[in-house]
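K.L.:
The primary structure of each chain is shown beneath.
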Amino acid sequence: MSLDVIDDILHHLKTYLFHKQHDKMIRKRVYSLSVECLDNILKHSDLNKEEHELLISYPPRFIVEKIAENFIIHTGNIILNKNKDAIIPRLDKLNNLTIEEVNKLYKKSLANAEISAKGGAGLGLIVMAKTTKQKIKYDFEKINDKFSYFAMQLNLKK
Amino acid sequence: MKGLNIPATEKSPRVLFDTSNYLFEIQGNSRPENGRDFYFPIIYKLRKHFEKIIDKKKIEAFNEKCFKFNFKLDYFNSSSAKFISDILILIKDFTEKGLNMKIYWYFAESDEDMKEVGEDFSDMISMPFHYIMIER
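Same order as they appear, the protein sequences are chains G and R. If you count by our numbering, then the first sequence holds residues -1 to 156, one letter each, in order. If you count by our numbering, then the second sequence holds residues 8 to 143, one letter each, in order.
Calculated from the structure, these hints are not laboratory results. We treat Cβ as the ideally placed atom computed from N, Cα and C, and that holds for glycine. Hints may be right or wrong, so weigh each one.
With a cut-off of at most 25 Å between alpha-carbon atoms, the simulated DSS-like pairs for lysine-lysine come out as follows [to be verified]:
#1 Lys122/R to Lys12/G
#2 Lys59/R to Lys106/G
#3 Lys18/R to Lys26/G
#4 Lys18/R to Lys22/G
#5 Lys12/G to Lys63/R
#6 Lys26/G to Lys122/R
#7 Lys79/R to Lys22/G
#8 Lys79/R to Lys128/G
#9 Lys59/R to Lys104/R
Ranges of calculated distance between the beta carbons of each label pair, as one might list FRET restraints [stated by the list, open to error]:
#10 Pro48/R to Ala66/G: 28 to 38 Å
#11 Leu1/G to Lys72/R: 39 to 49 Å
#12 Asn81/G to Glu40/R: 14 to 24 Å
#13 Glu49/G to Lys72/R: 54 to 64 Å
#14 Thr16/R to Ile7/G: 14 to 24 Å
#15 Ile97/G to Ser117/R: 20 to 30 Å
#16 Leu11/R to Leu1/G: 22 to 32 Å
#17 Asp25/R to Arg88/G: 21 to 31 Å
#18 Gly105/R to Ser0/G: 23 to 33 Å
#19 Leu30/R to Glu51/G: 49 to 59 Å
Residues on chain G that point at chain R, a partial pick, calculated with CB under 7 Å [claimed, not checked]:
#20 Val33
#21 Glu34
#22 Val125
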């Protein structure tokens, strides 16, 4: 996935939300969660040629679903197994925190965050937990010894 | 004008650093392709300017007026949040060194999250913000 594709998706999403979602706050939350999800997908998309072939069976996934007044965002991307081992404890930790604790962690992380070589501040998952106020559902499917497919589901309730 | 005047793009905010009018203003959306490239020169420029005032012992003259920081952001992504927090920490540092500075945090009437994030930032640097609600 490239930056241009992301810009294009976000542009369409903005138009869709403008017409389908009148609550400005919800509109903005869906947009903001989508940016974080797409940034994550992009961050993990620098695969080499051989690994690129995996994309045919395991393409990046980004789906925004509106059910009544609620939104569900589904994402999926190939991830290195070593990164998976780093993400799982972070997700589990977030899912075990109360909203107040998530907010506290966000403030602490803002002050201490380091920008990675890929430009991320490591705040994306915390922002997702903070914005949805729900547990982040996730799943990893093993592809081979090096890669897994990382699927995530964010629920945004009105 | 000494300072900065960076026009807004679809992905990056307008940034105005007007030293003669004692004003720093950041306005719009922030989702730059490379946050580091966008924010580092801004943070560098701010730091250099305020360091010069302290080094030249011009604090008293500087403090005859109050330097205003206006944050008028509509949207920013999580990596921009990190750089915004760097700017706020810089403001706090120079306030502690004796410079007279105030932070104004603007948010749209419909955007309670933007107000909340302002409160988070204010908590983080232990400095009061002046909140201004704008109707949209």
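K.L.:
Evaluate each hint against the coordinates.
P.N.:
Hint-by-hint comparison with the structure:
1. Lys122/R to Lys12/G: holds (22 Å)
2. Lys59/R to Lys106/G: violated (30 Å)
3. Lys18/R to Lys26/G: Cα-Cα ~15 Å, so holds.
4. Lys18/R to Lys22/G: Given that 25 Å is the threshold and the Cα spacing comes to 20 Å, the pair holds.
5. Lys12/G to Lys63/R: With a Cα-Cα distance of about 49 Å, the restraint between Lys12/G and Lys63/R is violated, given a limit of 25 Å.
6. Lys26/G to Lys122/R: holds (13 Å)
7. Lys79/R to Lys22/G: Judged against 25 Å, a Cα distance of about 17 Å means the pair holds.
8. Lys79/R to Lys128/G: Satisfied, since the Cα-Cα distance of roughly 22 Å is no more than 25 Å.
9. Lys59/R to Lys104/R: holds (12 Å)
10. Pro48/R to Ala66/G: 28 to 38 Å: The hinted range 28 to 38 Å is violated for Pro48/R and Ala66/G, with Cβ atoms some 46 Å apart.
11. Leu1/G to Lys72/R: 39 to 49 Å: The hinted range 39 to 49 Å holds for Leu1/G and Lys72/R, with Cβ atoms some 42 Å apart.
12. Asn81/G to Glu40/R: 14 to 24 Å: holds (22 Å)
13. Glu49/G to Lys72/R: 54 to 64 Å: holds (58 Å)
14. Thr16/R to Ile7/G: 14 to 24 Å: Since the Cβ atoms of Thr16/R and Ile7/G sit about 18 Å apart, the hinted range of 14 to 24 Å holds.
15. Ile97/G to Ser117/R: 20 to 30 Å: Distance hint for Ile97/G, Ser117/R holds at roughly 21 Å.
16. Leu11/R to Leu1/G: 22 to 32 Å: holds (25 Å)
17. Asp25/R to Arg88/G: 21 to 31 Å: violated (41 Å)
18. Gly105/R to Ser0/G: 23 to 33 Å: Because 48 Å falls outside the window, the suggested range is violated.
19. Leu30/R to Glu51/G: 49 to 59 Å: Hint holds: Cβ distance 54 Å, inside 49 to 59 Å.
20. Val33: holds (5 Å)
21. Glu34: holds (6 Å)
22. Val125: Where the cut-off is 7 Å and the nearest Cβ of chain R is about 5 Å from Val125/G, the hint holds.
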